[in-house]
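S.K.: Read off the chains here:
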Amino acid sequence: MDARRESELAPTKNRTTVERKSDRELVVTRTFNAPARIVFEAWTKPELFKQWWVPKSMGMFLRSCEMDVRVGGGYRLVFGHDASNPDEFFGRYVEVTPHSRLVWTNDEGGDGGPVTTVTFEEKGGKTLLVMHELYPSKEALDAAGTGSADATLETFAQLDELLVTLGASLGRS
Amino acid sequence: MVKYSRARLDASFCALGDATRRGVLEQLGRSDASITDLAEKFHMTLAGMMKHVGVLELAGLVTTEKVGRVRTCKLGTRRLEEETAWLEGHRQLWDSRFNELDKVVEKLKRKEKANGRKKRE
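Quick note, the sequences are listed as chains A and B, same order. FYI, the numbering for the first sequence is 1 to 173, going by this note's numbering. FYI, the numbering for the second sequence is 1001 to 1121, going by this note's numbering.
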């Protein structure tokens, strides 16, 4: 089966670590088996960026991805299958240091959104990537990302519905 | 690039759009199970089942915990301590992103190598 073939072909996988460094900070680290210039390229060219930012398993559709990677330049990611109801993420690049450092703002929630800093540190042909997100408040970080309370509740609501359906079909069989 | 509410919903629907994954949820509704148990029950390879469980995990419908060599799957995140689930959600998101990034990086490396050879010729 496909999954097995993929895992056999995959190069040695490096570990992704996530740490809540403080109430307002999230830090993600990962090593890549390539020089920093290559990893940096994949973060700064939209045609490459969109190949990995939205993994297939997320089941999300990236409609468009614009990135003007220079200090003061903007980016805009548009998600969703429905053009009339898009989910947008946008902000500005605050720092752009080729092959070593990127800093951008996340402005979709209004001013004072989180700030993302990504550093690329090359060692022996490999690159240690550190992604640091600084949120304006503890509450903002609590509510951020995959753990969004609304989405979780909606997921549970869906799960409840599913279980009812499954229960009903089980009862019949 | 940080918040994903509607996007998460898409992930859940995607996760539920597969008969095997719905079966896994139904199974976990009855009792917790290891990946090996689930793979046997659904006549799949371990790798195949891990992939399905991964999708369910990303959608927040299933949580897993590794104790020794056995990875146990449970329904939903409600049983996990909230903080752990929150962190694990982030880890999974970034892990799957970075696995894709690995592929992009490998492609770029191969391209660079090929270009290097051309230049020397």
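Hints were generated in silico from the structure; no laboratory data involved. Remember, predicted model here, so these are calculated numbers, not experimental data. By construction, the Cβ of each residue, glycine as well, lies at the ideal position given by its N, Cα and C atoms. Hints are supplied without guarantee of correctness; some may be wrong.
[To be verified] Sample of chain B residues lacking proximity to chain A, with all beta carbon distances greater than 12 angstroms (derived):
#1 K1041
#2 V1070
#3 R1071
#4 T1072
#5 L1108
[Said to hold, decoys possible] Below are the SDA-like pairs computed for lysine to any residue, each with C-alpha atoms no more than 20 angstroms apart in a straight line:
#6 A:K45 <-> B:R1110
#7 A:K45 <-> A:V71
#8 A:K13 <-> B:K1103
#9 A:K126 <-> B:K1074
#10 B:K1051 <-> A:W52
#11 B:K1074 <-> B:D1032
#12 B:K1109 <-> A:R37
#13 B:K1107 <-> A:E41
#14 B:K1103 <-> A:G113
#15 B:K1103 <-> A:E47
#16 B:K1103 <-> A:P46
S.K.: Could you run down the list of hints and mark each one as holding or not?
M.R.: Verification of the hints:
Residue placement check: K1041 of chain B keeps its beta carbon more than 12 angstroms from all beta carbons of chain A (closest about 15 angstroms). With a cut of 12 angstroms on Cβ distances, V1070 of chain B stays outside the contact zone with chain A, its closest approach being about 19 angstroms. Against the 12 angstroms criterion, R1071 of chain B stays outside the reach of chain A, whose nearest CB is about 15 angstroms from its own CB. Separation of T1072 of chain B from chain A is adequate, the least Cβ-Cβ distance of about 18 angstroms exceeding the 12 angstroms criterion.
Listed as outside the interface, L1108 of chain B is inconsistent with that label: its C-beta sits roughly 5 angstroms from the nearest C-beta of chain A, within the 12 angstroms cut-off. Distance hint between K45 of chain A and R1110 of chain B is fulfilled; the C-alpha atoms sit about 17 angstroms from each other, no more than 20 angstroms. Restraint check: the Cα-Cα separation between K45 of chain A and V71 of chain A comes to about 15 angstroms, which is no more than 20 angstroms; the hinted pair holds. For the proposed pair K13 of chain A and K1103 of chain B, the alpha carbon gap of about 11 angstroms is at most 20 angstroms, so the pair holds.
A threshold of 20 angstroms between alpha carbons decides the hint, and for K126 of chain A with K1074 of chain B the separation of about 36 angstroms lies outside it, so the pair is violated. Distance hint between K1051 of chain B and W52 of chain A is fulfilled; the C-alpha atoms sit about 17 angstroms from each other, no more than 20 angstroms. With a CA separation close to 5 angstroms, the supplied pair K1074 of chain B and D1032 of chain B stays within the 20 angstroms bound. Between the alpha carbons of K1109 of chain B and R37 of chain A the distance comes to roughly 10 angstroms, so the proposed pair stays at or under 20 angstroms and holds.
Note on K1107 of chain B and E41 of chain A: the hinted pairing holds, with a Cα-Cα distance of about 12 angstroms set against a maximum of 20 angstroms. For the suggested pair K1103 of chain B and G113 of chain A, the alpha carbons sit about 31 angstroms apart, so the restraint of at most 20 angstroms is broken. Between K1103 of chain B and E47 of chain A the alpha-carbon distance is near 14 angstroms, which keeps this suggested pair within the 20 angstroms criterion. For the hint linking K1103 of chain B to P46 of chain A, the alpha-carbon distance of about 16 angstroms falls within 20 angstroms, and the restraint holds.
Going down the numbered hints, you'll see the structure goes against 5, 9, 14, while the others check out.
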